[in-house]
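Asks: Protein chains in written order, with our numbering: chain B, 3 to 428; chain E, 3 to 428.
Every clue listed holds true.
Which copy is meant is left open, because identical chains are indistinguishable; a pair holds if it fits in one copy or across any two.
Once the Cα atoms are required to be at most 20 Å apart in a straight line, the calculated EDC-like pairs of lysine to aspartate or glutamate come out as:
no.: 1; residue 1: 427; residue 2: 21
no.: 2; residue 1: 397; residue 2: 134
no.: 3; residue 1: 412; residue 2: 364
no.: 4; residue 1: 283; residue 2: 251
no.: 5; residue 1: 406; residue 2: 47
no.: 6; residue 1: 92; residue 2: 154
no.: 7; residue 1: 130; residue 2: 161
no.: 8; residue 1: 200; residue 2: 161
no.: 9; residue 1: 260; residue 2: 229
Hints listed in this document are in silico derivations from the structure and should not be mistaken for laboratory results.
Note that the structure is a prediction, hence the values are computed from the model and not measured.
For reference, the chains in residue letters:
Protein chains: 2
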Amino acid sequence: MNNFVIGSVTMFKPDGTVETANIHVSGDKISAITRGEVTGATVIDGRGKFATPGLVNAHTHASMTLLRSYSDDKALMDWLQKDIWPIEDKMTRHDIYWGAALAAVEMIRGGTTAFADMYGPCMEEVAKVVDESGLRGSLSRGLIGFADGNGERIAGNVELYKNFHGAANGRITVMFGPHAIYTCPPDYLRKVAAEAAKLGAEVHMHMNETQTEIDDCLKAHGKRPFEVVAETGLFDNGTLAAHCVYLSDDEIEIIKRKKIRVAHNPGSNMKLASGIAPVTKLLANGVTVALGTDGASSNNNLDMLEEARLAALLAKVDTLNPLAVPAAQALQMATDFGAQALGLQNVGRLEVGCKADIVLWDMSGVEWQPNYNPVSLLIYAANSAAADTVIVDGKILMQARELKTLDAEKICAEFTACANRLTGKA
Amino acid sequence: MNNFVIGSVTMFKPDGTVETANIHVSGDKISAITRGEVTGATVIDGRGKFATPGLVNAHTHASMTLLRSYSDDKALMDWLQKDIWPIEDKMTRHDIYWGAALAAVEMIRGGTTAFADMYGPCMEEVAKVVDESGLRGSLSRGLIGFADGNGERIAGNVELYKNFHGAANGRITVMFGPHAIYTCPPDYLRKVAAEAAKLGAEVHMHMNETQTEIDDCLKAHGKRPFEVVAETGLFDNGTLAAHCVYLSDDEIEIIKRKKIRVAHNPGSNMKLASGIAPVTKLLANGVTVALGTDGASSNNNLDMLEEARLAALLAKVDTLNPLAVPAAQALQMATDFGAQALGLQNVGRLEVGCKADIVLWDMSGVEWQPNYNPVSLLIYAANSAAADTVIVDGKILMQARELKTLDAEKICAEFTACANRLTGKA
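Same shape as in the complex, but just chain B (with noise of 0.2 Å):
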């Protein structure tokens, strides 16, 4: 059983402040956090360290890391339509594994400790490569209405929810997939909406991206998406809506109601032009609004650091407001509020009886100093390569940067060689 002590770190605390202290992680959780030194055999030497939760990427494909720059600086139709879908249509299990084994690999190395994920097929490799990382994961099979023709999409997803969700000491959770209103029609959503229901399962869906969707939408329905889809009974069981970008009062009411949780994907929306999502109206409304790096083609990476800088930086300069959005705000939507967004109890946070999901990022940088304020300075002035040690439900996945789980080396060639096939242009 994992048994050992961060001693004498600078630590992020729930409320936001910092405080000196040393984090007691006795199998997958936090023990206990106490004051003064600590000494012995299994003492972390914490000093320089800035202690935070592990970030949590609440949107993401993880093994899209197969397409990064295969398609840049395109309209979002072209992109998807011309180069994306194509090359996503060749994708083996084979290829899911080995792009999603590369994506943790980078996410380990960036801080991240849990994301959310939508796609498939084969989600199961997915999951493998959750339990082999020591990884958190949400897994959705991502749910095409048009493209489903005979439910075997939705059946899929019913066995992924049934064969993993809970899996790996509850590191593995499993919710349903809906695509999106425009590739879902309400009588698909309806059959998802049951099928979720019977389980008791949750729903990541993506929503309200584009200005488009919205008009197309209107079009089709007389009604905008939330609306939509409210009726379904889709938002019944839990919900995390990715992106939210356009959204009426009459949704963000939806949205409290429903206690639906929101990812905020700002580079993701800033690369494809997709606009700006009122995120600071919704934090004013009470919402949770976590933090996604969506996949690593429309982005492109899964760096939740940079995400964080983003959602800082974006809500000020939209609302011309300097006190938006503060460095300490971020940082517990990249972590307490993407653990609830994905669903997760007592993860998020660094306190007694949560679990052990811990980032020491190392403050020696120069961009470190001075080191009047180690919130600031990680949100503001540091990049992910400052994270330094990473664990997972008490297990180190990474220290001093080298990794513990995953083999680095074997994964990057395995993803080359698949990303050659696919492509024929690696």
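Could you slot chain E onto chain B? The hints should help.
Replies: Structure of chain E alone, referenced to chain B:
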């Protein structure tokens, strides 16, 4: 004399495309670019590396590293007047030196090879840092008209020009640094213009950073800032205008007519909630738009790669056009356009006859896989820790991330002592 070849390197060409080649360096210049295999003791292995021109930080205040993370998430004038200015008033020659020295370490480690600095007093200390570090610096004394009763500051800028313009094999150049329209009345700007004209010196000035600044100028002068300043003759010898967030069409005409180069500072403009500069409109008008970090206390780092990414992302979401500022253009803004902005000839491009200011980026990180497009990967996926080798004027300042000209440990220690003394809280 420097004499070496970077062999078989993936190279960013002035036209925005990429090719594998050998870059030959002789003295301070690129003497040849060849294809095929090269061998020998003077060959730096470029395989797996991406060679770009050195990044140019076209607007910063280097010694403000001392105030990094001292005051964040504040309204601009609270930040400046209550927190920043009182500390700056206490800065000594010693502080200016060590603040700039830490900035130099940070810039080299992030792939920056040249910077335009406006600060003071004691800009000769920054000149010393430029000389010792091997960087290229365009220095200007920050001139505050209201605080320059007997013109000591202008006289200081004149002395700086006479003593340092063209020094260190031309690596140091000097501009005049009138701070802004709200700190320099027109009569004062006329004096600055006259002194600059006598010497043939260029000018580096903050322009149109906030809407308040425009409103106050309209109230005081009945005209917008570029109109007021143009009438003083200040723009007649060549100008680097920082920020340019709010511009009328008439002001864009002045920028074109006076061939003013713009330093866009997306990170600072976002963090301070100043607004979004009309970058695509300026570029469409043929204006040279370079990139800058601004000071580290409003950014909070000197990471030009991050600035290039922000420029690309912000332009897209601002115009709702995913084709705005593609990756290659962002990289050109951070290199070629940056050198032009600093008034440098034959800098900022990897071509024969140009100064050998070169960065080799290590492409081995997982965020660089698969490698379909190194330009996209550098701008959208990598972080500045990928800067492996930095060359300025043919001299290697960093190799395999090891600094060759500066002692980072000593600089950090001296810098921290300065910060402690200034603020009593580092």
